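Residue numbers (this note's numbering), protein chains in the order written: chain A, 1 to 339; chain B, 1 to 962.
Calculated from the structure, these hints are not laboratory results. Computed from a prediction, not measured in an experiment: that's the story for all the values here. The reader is advised that the hints may include incorrect statements.
To be verified - So the derived list for chain B, only partly shown, Cβ under 8 Å to chain A, looks like this:
(1) G20
(2) S23
(3) T24
(4) Q28
(5) L111
(6) L257
Think of the CB as a built atom: it goes at the ideal place given N, C-alpha and C, for glycine as much as any other residue.
So you can see what is in the structure, the chains are spelled out below.
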Amino acid sequence: MRMLPILCIAFVAAHVNVVAAQNAAEPPLPTAPVVEPPAKVAPVTAMPPTDAVPATAPVTAPVTPVAVVAPGPVAATPAPLLPAIANDDPCFDSVHDPVPLGLRDAGFDAGVGACVRSEVTARLGAHAIIDTPGFYGQLGGELNFGASFTLTPGLQVGFGYRAPEYEFAQNAVTKATALAYGPLQLHVKASSNLEFGNRPVYGAVFFQASIPYTSAELQTVALGGQLTGLVTLGLARSWFLHGRFGVVMGATSSGGGTTLRAAGRGGADVNFNLRSWLDLAAGVDIQGGWFRSFDHVLVKLAAHWRVRGHWRVETGVGAPFLGKDRTNVIFTLGLGRDL
Amino acid sequence: MVAVAALGLPGCSEKTCLQGQCSTPCKQVTFTCDSPNLYIGPVSGAPAALQLKGGNAAANDIMLANGSVTAVISQINAPIDLAPTGGNLIDYGPAGGLDDITLIYQLAGILPDDAFAYNQLDIEDQRPDFVALTVTGTLDGRSDVKVLTRYELRGCDGGLRVRSELFNGSPDIQAFTIADSSHWGKRRDVPFVPLQAQGYVHPKLELLKLSEIWKTQDYVGAATPNTASSSYGMLACSERRIAGVNDLEISALGTPLQIVRPGKTLSLERMVYTESSPTTAGRGPAPTVDRMLQARSELFGDTSPRGLRGRIMAGGMPFGGDVRRASLMVFANDSTGRRPVNVVVPNADGTFVMSAVAKVPLELEVWSFGVNIKTLPVPDTGEFGDIDVPLPATVQASVTLNDGAAPPSDIHAIIVFHPADDATRAAVTGTLHGRLSPCAPWLGPPTSDSPACNRALIDPRGSELEVPAGKYLVVATAGPERTIAKQEITLIAGETAPITFELKPIAIRPTGWLSADLHVHGRASFDSSLPDADRVRSFVAAGVDVIAATDHDVINDYASTVAALGVGDKVAVMGGLETTQLIPFLKLPGETLPKVIGHFNFWPLTPVPSEPRGGAPWDERVEPGQLFDMMAPLVGATGMMMMNHPWDEPFFGRDLGYLRAIGFDPRKPIADDGTPNAQLLQRPGGMHRNADWNIIEIINGADTPEMQKARVLWFALLAQGFLASGTGNSDSHSMTDAQLGWARNWVDAGSTLATFDRTKFNTALREGRFVAGNGVVVTVEVGPAAGPRRGLGFAPFHPAANDVLHIEVRAAPWVPVEEVRVITSRGEKVVASGAQLSHPVDPFGTTGVLRLQADFSLASLLTRDDFIVVEAGLKYPTAEDFDDDGVPDTTDNNRDGVVDRNDIEVDEDSGPIVGPPDPTDVNDARYWMTRVIPDGYAEGFANPLFIDIDGNGWNAPGIGGN
């Protein structure tokens, strides 16, 4: 319980710092990109602005080398029919990626986009269940570190580790807390530009799993993961869609028994590139099966912005409705650096 | 694929019984013996030597015994008390000894959903090695959380080996424990906790602060502070310390409260000890604490405990065998502070042997008659030699009744001691090592057998008791129909003081009527430890003719005890039951927390000892209407179904009174309009309405608050045509919590005690042909002033123009009466007070019993159909209704002369409503009554008359006459 205020303070402080940094560094925001970027370039490992370029004008940065180093299927994209602007390609800039929000342990079910990235991230997460009629409450906060790498232009692998994790749960007046760490999560994503109608459309298969014996709770084997098909495309100028459909699975085993849970999940996030350095996003995931019934309609709002050079900040909040999932709200605040 | 992978992973987890891999719990704990006598099977088939005395077991419950200890596990379909199913430890004690527990059941949390609910019971008979019983199920409200408990007994075990497991198959992170919940019931076993500032004293168990007070301790002992009690103890084996909370009401002991993630398995192994033998019965918790200290050295490598020995002497003579004479508590005094570690009652020869932790400075507190006599450092040898305590005096008391016949007859009675000077009061005010209510003098624990607190039962042949030296006022009583008598005595240590009292009859009851207490508890109830013999002696000592035995959730009738004491000619006992819901379930609109329906009494009933609960049905999770449906066939067409203390305060989150539970509003009509009042009209079982009780308890105990609240509800029900007679009862559980027969009823029974006819008696109750009171008898008649007039009864009375209400009020001279009130739907009216009433001069005399005999014109009292209830007694304390529910809730608690919000308890929006303190001024009208009846507040009422003014049948007048 004592951790939550700290997390909240950390979030507020981080938010204030980011805003303050932006305010200090930037003039008033333009209503549209001041200068359109040059012709479309290979997007998969989209080149972010360099550290030397002010965040106020990221799209003016020269972006030449990427097309050279990424000659795969994405690089082979023919000249687009759309206006040749960089932010029409959903994978051009990682600020167009969905902000991952997961409901299950360590966020192994978080929705992602189809673009592959090389990046490192640190994310604060929090979740809350306040089920007054059920005399149940759960509050949690965690810090997740992760990294991903593009082994080839269409293949991303990565890992994440949660440490620390703080949980508070309450059944009526019975309260307990735990400070823990783990699990380690591994993922792999195979992505390809499907070029639908001469527009970049990225399809991917994503598999992520929590690895047993990598958490503080050694007497309980816990696995969780998702196998998801992903699609990411530009809808229109400055609008991007990230769709997903797949399964979320979990299994636990300890001396007393084994549980198996699985759910089908489909959903989409829509990103709007409000500023060259800022995406706002909204999304919905629909899931059923985890609670042996309809689980939820998860509604999400997120923002993803580049703060300086390779550095970006993401934040999101989600709330499930309608189903048996009792979670009230999930929240994330992350800091990422493109590699 | 994740699932497949999980199934293939062995994990780092221990083997579990849930997976069929069960090993002996607490296997490091060993015992030796000569000739084990293992048994497992139905209680009915067990050898007599293994059976327990005073238990709850039914014939088909399962006994595990080894000749040393005997445990009884309830059959899977036989829930008892708080447990939602069978499979729990319901009787436990040394083989052939006394069962002093009510129930030990398992839980994962405080919600009803979190109780272990078993659905399968498996017996493992591995004699001669061991016997075991395993019960499996789920949490009661969480079918995806699997639970299991295994009870195992090996040949020489001095305690029951228990292992419980819980597997969280739910998708949620839970805050759980595995804990054994021991329902002590507030007046039975007193837990002994080896923590600083505890021992017999425990932090207040506030449910909302449960997590804050959930502490770990090395072990916990318990014992009833009675002469022949068994000793109990609980020691964790799988954890170094056992966690939980302790209280006189309940202990919950097990694992720490902890986060239990999906898929996690919790387990707990513990030893549940018991000990009692001819040499250890009544020795307090020490016999089991000794075992637990030894076991800790086996389990955790603790240094072997050290032994302490000595002998208690008084006046040069060995002095022990009773917690009254001496009780010794040993404290460890180290860097963590001063904490109690053991407590023992010396043997009858004054000797004591007990264990304590080693390598720690120790102190011994020596208590006698509830007073800490001295504190001694424990010598290195542990040998104290002789320890002197003050020698008490011996009182030989007898009470006679002089009814004009010669010679006066010896009778059952009660004598009450009061210090007669401040020096004596200071010297003799005692407690049970700081626990239970203080008493002056402390002649025994308030919850125990006689003498208890400052009072003692006196037999016709006389009784002898030890009393600390000092100057006392001693008052004898045998109920409100006898005088009281007093003596001032000075008791000198070591001397014997014979004292005799002569009482005389007081004629307050109508001729041919019988007195009755219809709400009485004894040791069969989970919250009483009063031995049956003392309970029955108290029936007779109180001068009550008829008793309805109404133990909690078990049918009982005291028949064997009445026969054994040979008092069948003095008291008639009807078997009965008080249904006592403990598992909240009733969800009401606008209420966050589920409720229970409070308590209801049913009689007459016949005990069936071979059945669970003595034949009583499982009464949880039903509304009153369903309860009546179940009970009506059992009590028969003329049986009684009484709503008890309808507005009593909730206790431990459980509503005790139904009308309070549903939020009944006496200011509003009872209609099917969706309001809480509409609950009364529901027929949840299809037959009876929730309002279909046939009698209501209006006075509960000797004090005033319950009556002050319940009468408001009763009048609202009567005004709306819900006709049920009102009773006054004691609800006594011991010799001190409430005095048996205070209140009581005087019933136009249509038979004498010798020819007692329970059908006629109960018919009189149903028809309202009785009065009730705390010492005050109010009789009423209606008709012509010159007579003949009609007495009580529910049949409507159509008066003639000049008919009167004739009122007579009688009370013993030591019972004060200040006013007489008449209540109708229009309100209440004081019709006589002050000089209009007789006020006896001599509280010890026999004259002035008739306080009022007067006629009142019916026409002056009502002008339309209505009910009339007549009350007499003291003026009610002024009270306000601050929570605006129509029921008074707050009295002048700060004694500033006004009732305002300054009288409300901190953090509350109203209350409490309490009676005034017992006076210390001998000239106060309540002084002598409260010398024998603590908190006594004289009141009485006659059941209602229904006046049919217009002669076209009685029509309910409605609330406020509208």
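Consistency of the hints with the structure:
| no. | hint | result |
| --- | --- | --- |
| 1 | G20 | violated, 11 Å |
| 2 | S23 | violated, 12 Å |
| 3 | T24 | violated, 16 Å |
| 4 | Q28 | violated, 19 Å |
| 5 | L111 | holds, 5 Å |
| 6 | L257 | holds, 5 Å |
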